[in-house]
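Student: Can you make the complete structure from the sequences, with help from the hints?
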Amino acid sequence: MSAKTATTDHPIHKLLAERWSPYAFQERRVLEADLLSLFEAARWSASSYNEQPWNYIVATKENPAYFQQLLSCLVEANQIWAKNAPVLALSIAKLRFTLNNQENRAAIYDLGLASGNLVVEATARGICVHQMIGILPDKARAIFSIPEGFEVWTVLAIGYQGDPKTEERDLSPRQRKSLEQFVFSGKWGNPAPLVT
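Note that our numbering has the sequence shown beginning at 0, numbered continuously upward.
Any given hint could be a false lead.
[To be verified] No more than 25 Å apart at the CA atoms, straight line, and that leaves these computed lysine-lysine pairs for DSS-like:
no.: 1; residue 1: K60; residue 2: K82
no.: 2; residue 1: K3; residue 2: K82
no.: 3; residue 1: K164; residue 2: K60
If you are wondering where the hints come from, they were derived from the structure by calculation, not from laboratory data.
Remember, it's a predicted structure, so these values are computed and weren't measured experimentally.
Tutor: In C-alpha cells, the structure reads:
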C-alpha cells in the first residue's frame with residue numbers, strides 16, 4: 000500500500016505497520032460499501048459497559064454542501080490539504096451513560112477505540128485515514144446542532160493516498176518513541192525490564 004510501512008523493532012501485524020496518515024489524497028471516490036464497512040468496524044469496537052458512546056457525522060464530495068460545511072470546521076492549515084480527501088467524518092463522544100446519566104470517564108477512550116477499528120478496516124481495504132484534532136469544535140456544534148452532553152473531538156479525512164511529491168510532509172521518515180520511553184515498571188519513568 001505504501002512505501003512508508005513502519006520499520007518495527009518487534010513483529011506486528013502487517014495492517015498496523017502499513018497504517019499511516021498521508022496529507023496527499025487522490026480525487027478517487029470511496030465506494031459506499033467500503034464506507035459502510037469502515038463504520039461497521041467502528042460499531043463493533045469495545046466500550047465501557049457496551050455504551051458505544053461514539054458518533055460520526057460524515058460528508059462526501061458527492062454532496063458538496065455538506066462537505067464544505069464539515070471542511071469549514073477545520074483550522075485553516077488543515078483545510079488546505081483535507082479539501083482533497085473524498086470523505087470527511089467528524090467524531091463525537093457522548094459524555095454520560097445512557098442508563099444512569101453518570102459521567103462516562105471512558106467515553107473519549109472508547110471513541111478512540113472505535114476510530115482505531117475504523118482505521119484498521121480502512122488500511123485492510125487500501126484506504127488511508129488522517130485524523131485531526133486541529134478543528135473548530137464550537138463551530139461544528141453550531142453547524143450540526145450537536146446537543147449538550149456530546150463533545151466534538153476530531154475529523155477524519157478518508158480516501159486513497161495521493162502522490163507524496165505533492166505534500167512534502169508525506170516524504171519525511173516515520174518516527175516513534177522507543178518502548179523504553181513509555182512502558183514503565185515499579186515507578187514512573189522506570190523502563191520495564193521487558194523492554195530493556
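Student: Decide, hint by hint, whether the structure agrees.
Tutor: Okay, the hints, checked on the actual structure:
Between K60 and K82, the direct Cα distance comes to roughly 9 Å. Compliance with the 25 Å bound is thereby established for this hinted pair. Proximity of K3 to K82 is assessed by CA-CA distance (about 23 Å); at most 25 Å being required, the pair is judged to hold. Of the pairs offered as hints, the one joining K164 and K60 holds, with about 23 Å between alpha carbons and a cut-off of 25 Å not exceeded.
In this structure, none of the earlier numbered hints is contradicted; all agree with it.
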